[in-house]
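**Q** Build out the structure end to end from the sequences listed, making use of the hints.
Protein chains in written order, with our numbering: chain A, 1 to 288; chain B, 289 to 650.
Don't take every hint at face value.
No farther apart than 16 Å at their CA atoms in a straight line, the calculated lysine to aspartate or glutamate pairs in the EDC-like style are these [as the list claims (entries may be wrong)]:
1) A:K206 with A:E190
2) A:K206 with B:D386
3) B:K427 with A:D186
Quick caveat, the hints were computed from the structure, so don't treat them as lab data.
Spelled out from the first residue to the last, the chains are:
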Amino acid sequence: MTTEALAPPRKMRSGEVAVLLLLPIALINAIGFILPVLNLARFSFNKVSIGGGIENVFTWENWLGLLADRFYLELIFNSVWISLAITLTTLILSYPIALYLHRSSGPWRTFLTVLVISPLLTSAVVRTYGWIAILIDDGPVVSAIRALGLPAPSLMFNIKGVFIGLTEILMPYMILALMAGFGRLDPRVEEAARTLGATPARTFRKVILPLTLPGIALGCLLCFVLAVSSFITPKLMGGGRVFLLATEIYDQAIVTLNWPLASTLSILVLIVFGAALWAYSAVLRRLD
Amino acid sequence: MPVSQSLEEHLKLDGISISFGPVNVIPSLDLSVRKGEMVAFLGPSGCGKTTTLRMIAGLISPSSGRITVGGRDITRLPIHDRDMGMVFQSYALFPHMDVTRNVQFGLQMRNVSKQDIERRSKEALELVQLGHLAQRKPKELSGGQQQRVALARALVIQPSILLLDEPLSNLDAKLRDEMRLQIRALQQQSGITAVFVTHDQVEALSMCDRVVVMRNGRIEQFGTPTEIYERPATAFVANFVGRTNRLKGKVGSDGQLVAAGQPLRATTKLSPGPVDVLIRPHRIALQPSSGPATTGDGNVVEGKVSSIIFIGDLVQYVVRAGDEEIVVEEATRRERAPLGVGDNVHLRWSADDTLVYPDDGK
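**A** Written out as structure tokens, the structure is:
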């Protein structure tokens, strides 16, 4: 046996360990995400030839055309606006549920949490069809409104249906994000506010709301991103009459086969996400 | 007794009871706290002391009974109208506000004018010596500093009662001693009526004018620290407050008390039957049995030292006497010839220090 064999193995420094552990995910991310996105960005500068082929050139045509076309400007504006409205509605509907869940305890809390998460066990496609069955013109909701003698609204295959469906589909995500962000909300702090003379309403405004803002910001970011990128629900519940970014990308890529334009729109969605992320971190910085 | 204290009744609990589900946590509780005094609720965990405090604050409602402050019934008053200053074990500072805004919160809720808010919050922070940290956030403060902010926040509103829920439990020993003195000084300066919940007998005895010893939702004894310590009403109080030796004994039909195999004298009135005899370790004097064996009017028991534990300021002797082991504590002194394990000794204590209670079977 040599003395070398007896020497202890060289100790790795923590930095080296971190690099080694992060390497696999970095590789997967590079191959599976970063490269395709770069490829997508490159595609957005290509051109479709008359015959339908893609010309590998570098042109700003897609980008300039997009910004000059009223249809696309409206599409972007509508997508962002509708997604924001859906996010806000989801927040308002989810906040009380999340707060109640945060305060409950024991088996009751577990049961309710499972109840909240259970919609995620069903695919969004199935849930969307469920909403179609509920909201369609001869469905239970419209029939009930009609039975009351009120003018029956058309809830399906228009923006209202998309709005209702997406709100419900996004609620579990919002509730989970809110609950994750409610960590700082200690019931003793609420009690302290109450003993110091704050009414329940003022306790909510001065203590509960500020302390839950991180959760609100997180939930809104998540739901906004999911709403902008949602495709199945607007496609099915919009009945081809609701035009949003995600459905338009699908149409351009699969129907029209205009890949460069689809790529341009996709990169645009990424830019919208970037803006949302920036707004989120700005809110968090303000809170700190 | 401090001068600031009067005999005027301030806080009164009248037949307060509460149940959580099927559990009757507090069957019925009566208590009267005088204006300006500091009363401790002392007891083991689960005795109902914090529950009682929370009922006074309005954080939970009693199932029955009445709570009055200065003659005014507040039993059904909402929390925010009760005018109580509460200090929590976990401090419960508002994490999103700096120290100043924490202290100002209660004043803002009372719609105090802007100048008064500024002035009073400043004074309150000076009072707890934290003026220099006014702009800090709670998480940038140490535990002791956070507790002082909580105290300033509760005192600045000049509440009718200051409620303290184990305020020192999360602090280390040295800081706890300091805060004890500081809280007591602030309470006496402001002449505020205070209720102090604790499971620490030293806190209760050293800080408070009177102590309520609680067990299983009932009051075992309510009295001054001296009364609680010197004349415990029950064996539970004697055991919980201070250290005791507990001997199994018996009172014969002739009224004679026998424990550790010997007849003993006590000043308590005795009825025949099995009893617990309690003696505080430091009230027993220890002498080598070679010395003079005069009885006097006290008790003398013979025994043999079976172990010695040196603690520094104290030395504990464990003495075997009959079937019992009796612990004796003495302050250490240099000049005294030390006793050794196996030495035969005389244990002496007075009849006054012999506490006798009917055997409660526990």
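**Q** Evaluate each hint against the coordinates.
**A** Hints, one by one, checked against the model:
1. A:K206 with A:E190: OK: K206 of chain A and E190 of chain A at ~10 Å, within 16 Å.
2. A:K206 with B:D386: Between K206 of chain A and D386 of chain B the Cα gap is close to 13 Å, so the pair holds against 16 Å.
3. B:K427 with A:D186: 14 Å, holds
When each numbered hint is compared with the structure, no violation occurs for any of them.
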